[in-house]
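> Chain order of the listed sequences is A and B.
To convert, note that position 134 of the first sequence is 134 in the working numbering; the numbers rise steadily by one, no gaps.
To convert, note that position 204 of the second sequence is 204 in the working numbering; the numbers rise steadily by one, no gaps.
Check the hints yourself; a few may be wrong.
Straight line, CA to CA, 30 Å or less: simulated BS3-like cross-link-like pairs of lysine-lysine [to be verified]:
(1) K13/B with K159/A
(2) K190/A with K77/A
(3) K218/A with K229/A
(4) K77/A with K216/A
(5) K218/A with K76/A
(6) K83/A with K190/A
(7) K83/A with K218/A
(8) K13/B with K83/A
(9) K138/A with K13/B
Calculated directly from the structure, the hints in this document are not laboratory data.
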Amino acid sequence: MSEFALEVENLVKVYAARGKQPVRAVDGMNFRVPRGIIFGLLGPNGAGKSTLLRVLTTLTRPTQGTAKILGYDVVKKSIEVRKRISSVIQETAVELFLSVRDNLLTYARFQGLDQPTATRRADALIENFQLGAEVDRKVQDLSGGFRRRVQVAKVFMVKTPVLFLDEFSTGMDPLLKRQVMNLLRAEVEKGRTIILTTQILSEAEELCDDILIIDKGKQIARGDLNTLKLLSHGVYEVTLTFDRLPETIQSEIAALAPIRSTVEANTIDLALKTEEGRVMEIVSALTHGRRVLRVEVRGASLEDIFVELTTQHAKETA
Amino acid sequence: MSALSAVVYREAKIRATNFTFIFWDLFFPLLYMLVFGVGINSALGAPPGLGNVSYNEFFLAGVLAMASFAIASNTSWSFFLDRDNGIFYEMLTYPMSRSEYLLGKVIFNVFIAVVQAALTLVIGRLLLGIRVNWQSLPLLLVGMAVGTAGWFFFYAIFALRIRRNDVFNSVTSVFYFVFMFASSMFYPLDPLPAWFRVAALLNPITWEIDWLRFTSIGLGNLHTILLEGAAFVVFALACFIYAVRCLHRQE
Numbered sequence: 001m002s003e004f005a006l007e008v009e010n011l012v013k014v015y016a017a018r019g020k021q022p023v024r025a026v027d028g029m030n031f032r033v034p035r036g037i038i039f040g041l042l043g044p045n046g047a048g049k050s051t052l053l054r055v056l057t058t059l060t061r062p063t064q065g066t067a068k069i070l071g072y073d074v075v076k077k078s079i080e081v082r083k084r085i086s087s088v089i090q091e092t093a094v095e096l097f098l099s100v101r102d103n104l105l106t107y108a109r110f111q112g113l114d115q116p117t118a119t120r121r122a123d124a125l126i127e128n129f130q131l132g133a134e135v136d137r138k139v140q141d142l143s144g145g146f147r148r149r150v151q152v153a154k155v156f157m158v159k160t161p162v163l164f165l166d167e168f169s170t171g172m173d174p175l176l177k178r179q180v181m182n183l184l185r186a187e188v189e190k191g192r193t194i195i196l197t198t199q200i201l202s203e204a205e206e207l208c209d210d211i212l213i214i215d216k217g218k219q220i221a222r223g224d225l226n227t228l229k230l231l232s233h234g235v236y237e238v239t240l241t242f243d244r245l246p247e248t249i250q251s252e253i254a255a256l257a258p259i260r261s262t263v264e265a266n267t268i269d270l271a272l273k274t275e276e277g278r279v280m281e282i283v284s285a286l287t288h289g290r291r292v293l294r295v296e297v298r299g300a301s302l303e304d305i306f307v308e309l310t311t312q313h314a315k316e317t318a
Numbered sequence: 001m002s003a004l005s006a007v008v009y010r011e012a013k014i015r016a017t018n019f020t021f022i023f024w025d026l027f028f029p030l031l032y033m034l035v036f037g038v039g040i041n042s043a044l045g046a047p048p049g050l051g052n053v054s055y056n057e058f059f060l061a062g063v064l065a066m067a068s069f070a071i072a073s074n075t076s077w078s079f080f081l082d083r084d085n086g087i088f089y090e091m092l093t094y095p096m097s098r099s100e101y102l103l104g105k106v107i108f109n110v111f112i113a114v115v116q117a118a119l120t121l122v123i124g125r126l127l128l129g130i131r132v133n134w135q136s137l138p139l140l141l142v143g144m145a146v147g148t149a150g151w152f153f154f155y156a157i158f159a160l161r162i163r164r165n166d167v168f169n170s171v172t173s174v175f176y177f178v179f180m181f182a183s184s185m186f187y188p189l190d191p192l193p194a195w196f197r198v199a200a201l202l203n204p205i206t207w208e209i210d211w212l213r214f215t216s217i218g219l220g221n222l223h224t225i226l227l228e229g230a231a232f233v234v235f236a237l238a239c240f241i242y243a244v245r246c247l248h249r250q251e
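Assemble the whole structure, with the sequences as input and the hints as a guide.
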């Protein structure tokens, strides 16, 4: 069996609608993902993340190239691939006419679980996902948030070695999201590989061991957080809190041409691309003669890297 | 095998936990037979040129075919429901082949069709005095099973190729009208104009009805029935192969 959870080679997916220009949703991707990590797939809307996931989960056939899950080709050995994956897709995929418990048990049946194991795991998940009060209600009578819980809970019913999560935290409250993130981390420690897409970069920053940033179907950057931060060398985040916001601060910030800036109450947040020594000069100039409650200078966040890389890629391809 | 049984289990669970589905599935043809059949039988009497066969007896096969047609149409409509719920695409990532998915969906509905047929025969005999040929009951049930499966595969092609629910509903309404009325479902074909007879004889639902009529009340010619039965099996197989292809192209 392959040492890689995922191998993608020259992968291309073109959507060709009649009377329209063909769209290269995935455009020549090449990468490998080792087993037992959380792999993040990041990109702006329309970058090709969901299409790539659809190819990897055997929903869509690639136009060119190959993709393998644990050594099994997604086209030639699709059943073998499906036996080894479980997935949470972007839509809330649940059985509306079945109860919460029946949703879990039906899913288990599809995955070939025996009845006693399925019942035991369903009971545990109903508790973990705080679904106890809703367990016998039909899912069509539940709110969107509860439906999402049922959908995500299903993938913990099985122990497939590879797990695909497409925007898994959509509709989850912060407490449940935190709990699910802990569960995901625990699953990885047991050896599972998780491939996730997300728009919430703090989520990726916290969860992912390895990140691939894509845009317009192409790879832009790849690596762990530290590697990506090196790619964005010279980006700094500055947070300043004043006792009251200086009147001229907005124009002073604009003159610095930051990558991004926000002003909220008495606090300003800036992301600047500059030299290390210059950052301290800027901080000193902005705070000079003013009463400052808090000063914080940090290296670039994933969000800064993401914005910088995707903007740069957009300029290059324009 | 376990994938097939999982799809059957899912279909059964959805039906069994929804009383309205069960009621509609089991009693729809009976209601049709009792209301429409009795009405025509009383108003117009026996169909011409068929000896001592009453309209209720003649219409029995039509009711059974109509039931298999309706079950097939409703089952294929569930693709839209599943697609709207998102579960359709998730299911396509489950460990099963596309053909297992289609067959699993149809197996439970074939079972419903067979139970429904048996119930219709018994009640038709008890309430309307229909003279049923019980010896050929197994052949009749085979006809129901193949008929339901064939029509399901036929409808599945359209349900999988058409993206919009309203367009699919319009298409099925046209199908209902054309297939049912241009057939031997409601009236014998012999007294009809030649062009209509040709259209009806080319209609696969006529092949199914003629098989069901022969096996339920013994009306028809064995040679023709065998030919029509074989033609229907070919039709069902062709629809199955094309429906699997359509399922592979879901993107």
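> Against the structure shown, which of the earlier numbered hints fail to hold, in ascending order?
none
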